[in-house]
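Visitor: Fit chain Z to the known structure of chain S by using the hints.
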Amino acid sequence: MDFNILSAIIFLPMLGAALVAFIPGLTRNWIRGISFTLTLASFALAITVFVLFDREATGIQFEEMVAWIPTINANYHVGVDGLSMPLMVLTAFLGFMVVLISWKEETRVREYFAWLLLLEASILGVFCSLDLLLFFIFWEIEVIPMYFLIAVWGAGRKEYSSIKYVLYTLFGSAFMLVGILTVYFTTGSLNMIELAQNGVSAYASAIPATAMFFLLIIGFAVKLPVFPLHTWLPDAHTDAPTAGSVMLAGSLIKMGGYGMIRICVAFFPDIAREFSVLFVTLAVIGIIYGAAVTLRQTDMKRMIAYSSVSHMGMVLLGIFAFSEVSMSGAVLQMVSHGLLTGLLFAMAGFTMHSAHERDLRKLGGLARQMPVATVVFSIAGLGSLGLPMTSGFVAEFVTFTGSFSSGAFNGIQVFVIVAAISVVLAAGYCLWMLQRIFYGPPQEQFNHAHDADTMEKVYMFAFVILIILIGVYPAILTDIIKMGIAPLV
Amino acid sequence: MPDILYWLIFLLPVISFGIISVLLKPFVSNESKLPGYLTILCIAGSFVLSCMALNEVMNAPHHEIEVHQIEWLLIGNFNFSVSMIMDSLTAVMLLAVTFVSLMVQIYSLGYLHKDPVNTIDTGFPRYYAWMSLFTASMLGLVIAGNLLQMFIFWEMVGVCSYLLIGFWFHKPSAANAAKKAFIVTRLGDFGFLAAILLIFSKTGTFDTVYLREMAIAGTLAGTTLTWAAIGIFSGAMGKSAQFPLHVWLPDAMEGPTPVSALIHSATMVSAGVFLVARMYPLFEHSTQALQTVAIIGGFTAIFAASMGLVMNDIKRVLAYSTISQLGFMMLGLAAGGVAVGIFHLFTHAFFKSLLFLGAGSVSHASGGTFDMRKMGGLRKYMPWTYSTFLIGSLALAGIWPLSGFWSKDEILAKALENQPIIFVLAIITVFMTAFYMFRAIFMTFGGEFRGGESGEHDSHDSHGHSAHPHESPALMVVPMILLAILAIIAGFWNVTGDFGAFMGHGEAEGTFMGNLVGIFTHSALPLISLVIALAGIFLAYAMYSAKWLSPEKVGNSMKALYTLLSNKYYFDKLYEDIIVRKFLLGWVFAGLQKVDTNVVDGAVNGVASSTASTGNVTRKWETGQLQLYGLFIGIGILAIIICLFIFG
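Sequence order for the protein chains is S and Z. If you're matching positions, the first sequence starts at 3 in our numbering and goes up one per residue. If you're matching positions, the second sequence starts at 744 in our numbering and goes up one per residue.
Next comes chain S alone, as it looks inside the complex:
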């Protein structure tokens, strides 16, 4: 194909970032217009990929490869398969949505949109890269815009949170870099497809493959996050601006789960299976512990942030249960969580800006002042607790079923049953949150709160439609995902 569609998807937002940042004298409308057009274009192309994607085939599609640094065998190599394509489309969708969500941003608009677009581009790059060096570069680029988004446009302890985010991520990626280097010096290849096909364990090396596996997975474990490496997440999510939280929860932390499957599991299948018990244990701790701590939160955004810890535990569970069903469930859970938590953060941000209050103990009765937001927030909340007909249910159910019957190790059933207790806990915190915000007698101090306007309704309903579409007809995604998972199991 002559038109390099994946490169266009990645670099259109990057072009937008450059235009917004460097063209002098742009008005706010121009800045928003450019951001809107280019993220929309990127999203439209992502949809095109989704439609043109061959659902019957395993393997990489839309591949592009250009020699980049021949001396070290590094290439500009991008492509998508059933594993990465849904995440790429999700990111393009969220990238476009956050522009709409940020439409009313007034502080330092130029920098804000530049960072936002750069962030989107780098995440897209991570999901599309098939070369380890390229992957790592995109992985690192993402830290910078996120840092500035939290530190400048954030709230609360934003300096602390942003620095914590950067240091934590760099801590993880330092190990990851060493891991990538050892893999490269062992195999002489940076091609992720080749490495996945051959397996790294087959090569003789001074460094044991187990060490390489752990070096690599630390970086991903921080990002996902895996208990006990999760404490950056509540701080970063809570203090980030709305759009930042949406990107962070919706798409960015999925890089961790994606990396685990694409690199750790694919390169070192034997070792990953060997340590299955360890990671499933961490997953179950994360699920239950995350949900328990969520129940104690009083800040709206912090509550949603902690629920992410619990939900991402399910991704880890699905990955390390190693069946086609459980891993498909894990990927589906990533997409579903991206939509649900993305929407939850968008709604939390909207409610906060409208009511000027984020403390759950002080909110109440808003259903009267903002009926549309109530409906949308409730759908997101009910999806998050795993209500059937929303994507949340399908993802959790498929993950649980797949893990329970996977037989990855003896007694995994007990782990899954313990994890399933989270469905009760999730009902507890989701309903408590909804009740605190919207139910009860209307309060006078919130009479100024306004409901969603047209632009806001557009993004809210876009999320809702996707959540319900996947919930009612999940095969639209799972048919793709299982083709990406099939070669791994």
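Hints are computed from structural coordinates only; laboratory data are not their basis.
Residues on chain Z that point at chain S, a partial pick, calculated with CB under 10 Å:
id: 1; residue: 819
id: 2; residue: 820
id: 3; residue: 821
id: 4; residue: 930
id: 5; residue: 1344
id: 6; residue: 1351
Label-pair distances were calculated between CB atoms; the ranges are:
id: 7; chain 1: Z; residue 1: 1366; chain 2: S; residue 2: 190; range: 44 to 50 Å
id: 8; chain 1: S; residue 1: 157; chain 2: Z; residue 2: 1316; range: 39 to 45 Å
id: 9; chain 1: S; residue 1: 53; chain 2: Z; residue 2: 947; range: 32 to 38 Å
In silico lysine-lysine, DSSO-like type, Cα no more than 30 Å apart, as pairs:
id: 10; chain 1: S; residue 1: 459; chain 2: Z; residue 2: 776
id: 11; chain 1: S; residue 1: 459; chain 2: S; residue 2: 364
id: 12; chain 1: Z; residue 1: 914; chain 2: Z; residue 2: 1117
id: 13; chain 1: S; residue 1: 160; chain 2: S; residue 2: 459
id: 14; chain 1: Z; residue 1: 914; chain 2: S; residue 2: 459
id: 15; chain 1: S; residue 1: 364; chain 2: Z; residue 2: 1325
id: 16; chain 1: Z; residue 1: 768; chain 2: S; residue 2: 106
id: 17; chain 1: Z; residue 1: 1290; chain 2: Z; residue 2: 1302
id: 18; chain 1: Z; residue 1: 914; chain 2: Z; residue 2: 1325
id: 19; chain 1: Z; residue 1: 1290; chain 2: Z; residue 2: 1311
id: 20; chain 1: Z; residue 1: 1296; chain 2: Z; residue 2: 1117
id: 21; chain 1: S; residue 1: 364; chain 2: Z; residue 2: 1316
id: 22; chain 1: Z; residue 1: 1117; chain 2: Z; residue 2: 1302
id: 23; chain 1: Z; residue 1: 914; chain 2: Z; residue 2: 1316
id: 24; chain 1: Z; residue 1: 1337; chain 2: S; residue 2: 160
id: 25; chain 1: Z; residue 1: 776; chain 2: Z; residue 2: 914
id: 26; chain 1: Z; residue 1: 914; chain 2: Z; residue 2: 1311
id: 27; chain 1: Z; residue 1: 1117; chain 2: Z; residue 2: 1290
id: 28; chain 1: Z; residue 1: 914; chain 2: S; residue 2: 364
id: 29; chain 1: Z; residue 1: 1296; chain 2: Z; residue 2: 1311
id: 30; chain 1: S; residue 1: 459; chain 2: Z; residue 2: 768
id: 31; chain 1: S; residue 1: 364; chain 2: S; residue 2: 160
id: 32; chain 1: Z; residue 1: 1117; chain 2: Z; residue 2: 1316
id: 33; chain 1: Z; residue 1: 1337; chain 2: S; residue 2: 364
id: 34; chain 1: S; residue 1: 106; chain 2: S; residue 2: 459
id: 35; chain 1: Z; residue 1: 1123; chain 2: Z; residue 2: 1290
id: 36; chain 1: S; residue 1: 106; chain 2: S; residue 2: 364
Ideal Cβ positions, reconstructed from N, Cα and C, are used throughout, including at glycine.
Guide: Frame of chain S, contents of chain Z only:
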């Protein structure tokens, strides 16, 4: 009948939900009755189709019609198809659900007419959207052909119940009750989910028909089967409010009364009974599971009835009565099989929804209160409500020849045969049931009117009427009359054993007229239970109408018991205050949160601050003095040389 017509039974309410929520809600006012008409039209369509389906099933061989399934989700060995079972159980349930739902929707038009909350962005569109969604989910549950599909609609009815209990969401009590209902039932659903996971991992299928065959053939057996059955039953316990998960149902009365009539008496709460009936072969082949069902059911029956004795809120009396009757159904399933349990479900659906609609009607008349102490004497103002309510109560008490008599008698007979100990509990429950229902009748309709609710402040569903008792409009009375007719005749279906034969138990025998009276000649039990029920009515008459015994004196003489009962055995306190607030939130979760802040995050911050303080110390070494640096270099070289000597 082509497949699509069967599917339409479920799809018609879905369509009405879709049209109301997407097309109507944004454009019609809250007072518009259009959503109501649309819902009634669609559910009437479902009802007609259900009758046709029943007819087809009756004429089909083995009373089962095959409906093609549609492949929906396929990943590896995970194969989920949308499928339907159209057998006698489905057909009976469809009939009961669509008919009661239709009556309730019509009644609601009159009931919600002057909903005080109309003024704050609620009203007909929201109400009917959710009622349609509920009916659709309930029908979806009934027709579902596999466990996963059942679980999906099982959860959907749960959420509709949540939304409808919390319909008046501005009331904190309603919001709390809604949340409580959802979480308590979810606790049971956790067991259901675990059972599905277990069953799927052992058999690789969700399909109900296969699973039943496997249980019968013995390929699914042993501890797996027992655990699976108990898991399924725990789901049923949540939805059907069986002890110890019964606490949510009385609180659910915070919802509008027609909602209680449809969801919390006739349909959703009986879903648990339906679920056990649907998976009955799994229970049948596990003695422990069947015994569990019998014990829980029998205990719940008497346990809930005892609380019903002392309630002053007419809806709460009915709520405890519902829990108790659901226990009866479970007992019937365990002791006598599907036909016995489901027959009581079928008759109960009509007379219990009738009683709730009657409660709504009297509350309508007495200014919105549900407190029976403020009612009284309504018989002369509301003749229709009175007579239908009386019919419902007689049916519930099990008085010959009304429907409740026939269904309850069968349960008692089977219990006596198979579970003699539980039979004793059941027969005491019969007495209590008759007593509390007629206590309610005498308090509400007998004596003189006691003023009702004077103001309309924060009353339940205040209709803004000051207390001038009056008969309800025809829109409300006609559904009650239709339900009353069914409360009388529904039991006749099984007088000759026709219903049992239809459900696959035994053969029809005898003639209708012969059995109608002949039932008393076969054994003494029907007569005994009838006498016990009449004794209960008589005691209620003695205490609340003739006043030979003063209720206060009786209450005082058994002070401790009375307090225990009116505090509902302190279960709410145990669950909410002690387990949830003190133990879980206050201790376990709070502890985990402390761990998170101090240990997990504390370690991270500790590393950061120790790095910073190390930096603060080492920074001082960078003095810029060459001599000092030279000294460090010297020490370093010396150290290397020593190391080389030792390890080299």
